[in-house]
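Q: In case you want the letters, here they are:
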Amino acid sequence: MPSDVEEWKDEVYGTDIRDHIERFAENGWESIPDDEKDAWFERFKWYGLYHQRAGQESYFMMRIGPPGGVLEPGQFRRIVEIADEYARGPVSNPEFGNGWLDVTTRQAIQLHWIRIEDVPDIFEALEDVGLSTVQACGDSWRNIVGCPVAGKDKHEHVDAGALAEDLHDTFKRNDAHSNLPRKWKVSVTGCDEGCGQGDINDLAFEPAEKEVDGETVTGYNVRVGGGLARNEPRFAKNIDVFVTPEQAVEVAGGISALFRDHGDRENRYNARMKFLVDEWGPEKVRNVLQEEYIDFELETAGEDLRHSYSYNAGDADGKHDHVGVHEQTDGTNYIGLNVLVGRLGIDDGYEIADAAEEHASGEVRLTQRQNIILTDVPDDEVDALLDNPVFDEYSPDPHPFQRGSIACTGSEFCSLSIVETKNRQVRFSRWLVDNVSLPEGVENFHIHLSGCTASCAQPQIADVSLRGMKTRKDGEPVEALDIGLGGGLGENPQFASWVSDRVPADEVPGAIENLLANFDDARKDGESFREFVAARDDEELAALVEPEETSYEDPFLHNTKRTWYPYAEDDGFDDSPAPARADGTPIPSDD
Amino acid sequence: MTIALRTLDDGAWISVNDSREVGVSDIWTLPAREFCGCETPHVMLEGFSGVDLRGVDTHVIADAVGMCIDCGTRDGIESLPVGRIVDGEFKRYEPESVQSPSVDAVSSR
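From first to last, the protein sequence lines stand for chains E and U.
In terms of the numbering used here, the first sequence has 130 at position 130, counting the first letter as 1, and numbering is strictly consecutive.
With the second sequence counted from 1, adding 1000 to any position gets you the numbering used here.
Hints listed in this document are in silico derivations from the structure and should not be mistaken for laboratory results.
By construction, the Cβ of each residue, glycine as well, lies at the ideal position given by its N, Cα and C atoms.
Treat the hints with care, since some could be wrong.
The following label-pair restraints were derived from C-beta to C-beta distances [as the list claims (entries may be wrong)]:
1) U/C1071 - E/D383: 56 to 62 Å
2) U/E1078 - E/G28: 37 to 43 Å
3) U/G1072 - E/D574: 52 to 58 Å
4) E/E127 - U/R1033: 57 to 63 Å
5) E/G572 - U/G1072: 26 to 32 Å
6) E/D397 - U/V1098: 54 to 60 Å
7) U/G1050 - E/G572: 26 to 32 Å
8) E/E36 - U/R1033: 41 to 47 Å
9) E/Y350 - U/S1100: 32 to 38 Å
10) E/T585 - U/E1034: 27 to 33 Å
11) U/T1029 - E/E250: 54 to 60 Å
12) U/E1039 - E/E279: 37 to 43 Å
13) U/E1034 - E/T300: 53 to 59 Å
14) U/T1029 - E/G28: 37 to 43 Å
A few chain U residues that don't get close to chain E, going by computed Cβ distances all over 12 Å [what the hints assert, rightly or not]:
15) A1032
16) G1055
17) I1085
18) S1097
Take the sequences, apply the hints, and build the full model.
A: Next up, the structure:
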């Protein structure tokens, strides 16, 4: 039997939702019928609107997805202006104040505390500069990720940006692909560093070469069925297909249609492409694709560049991220800036937009490591640009502990998360910088904190993986983290091994300190952390973690999900100002 | 009266009549040794996979995946009573009260 979600999608989905959003905005939050709220909130996701968690009713997260993370000149500033006007909450966050934008691991931007009444004006302001929230959430083509410096990168093999845009233009607002069984995540990599992270996507295009009719052709190999969520991580599997850039859109459409027609619409927990690939195997996926969805003869896979992948690859040579000053193919530079846990304050956003426009092209790009890149900076403008004090915080040369930190939204806003994440990860990184030395030669050390098994912070592909949990400490339940080690991408990607369960959150910094000290003592000469982990079994690794209390203090050990907002002075659900009208006035309960 | 019951947002919560009533991350007290070897299992729910009504008291029962915060056992839970319908209104049970589910013998996915 189809799920409720499938029935709601059958009734209204895709671009038809827009008129209803406009209607509810016109008439206010209270005009959404009580017995239709679940259905409408599910549909709103298609337009990038996600109802915030319990205690925050009537407030929405809004996601804006530029393909490949490319924000053309003027677009970043417009998002900052929108955040300034519309994304302010009833209470400040102690680390980030009140008003920010979050860069996500899928090269999108998320705003919080958005009210339905403001959405039409926000849509208009976005569309005015060529941006959109369409299909940023929901069961369809999500934001297409890829090399964030496509078109400008010395490591480029094929222009991933052009394909990402083609896919975006073809499959956004496309009725035939608007309603899929589940989310559909697509990656396009064009470089020899692997920064598209294709292995963890439903559909991945990866750079390759193939001899066709006696000529060497550049294009892409195709992989399908990757993903990290629900304790069921999968790397995308090679289906033995090579496509030219010209063929890629048709093949992408064929695979999307295959998923549309054959994915599980009765059980949402079994609906992702990875489960269909589990069931069929890559060979059957290729055969069905060829026989039912593609009109030309598919080429077998070409020679790929995976042997040189360095992005988030642990021990590989080459760049592990885009942070720093790097020369572009046109002789100017791109400057990768660290945005700790992806959260960027509004005032800082204006400063960065000003600097990008004064010293460069004004283009801003977003990376899958929650960072930003300013492109097209001439040599003689680099120092002048970086003289701005804002780049002391958003630095091109951050400490490795801060450079490597990623965190999801967490219990601040998310229904699924079990623990607080972003503020905690900021505090972790600050304490680690002040108290822990990295072993010699370790310049990249990635710590990813995800609040639950949905894995939005991609914890399984980090050196140290942290995942939200609970435990008991001194007789009381406290927020805790599972600790995994040794994950990463590269030629031979590896998911982290979960070696220590339910470590009280205030003992995690001590655990990382001890782990690194034990690694430094026991490693062979020049052995990388990932090699060190790979050479040991889970039991040996668990013994090296040694959680302990330190000078680190954690203010979020209590159950942050039992608050309406974890940082409010009066944080009980009864103290929540939600739901609220457009002006923030709380709406009284009927009870 | 028809009661609309469903799990939403990847099993993050149970909706009763379009209202978010029971969420993940709470710690539920289960009967002695029914979930794991602990005298009193304290199980944090990580996700809901189903919800239904049962019995004349119209108990709202949920299928879930949870982990004992004391011993670390992770398993599926079938038919965990999370509340009941009284005069058409949902009354949530307190997680700290001892509940009587049937524990899934099969490991969770």
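Q: Could you tell me which of the numbered hints above are not met by this structure, giving the numbers in increasing order?
A: Violated hints: 3, 9, 10; rest satisfied.
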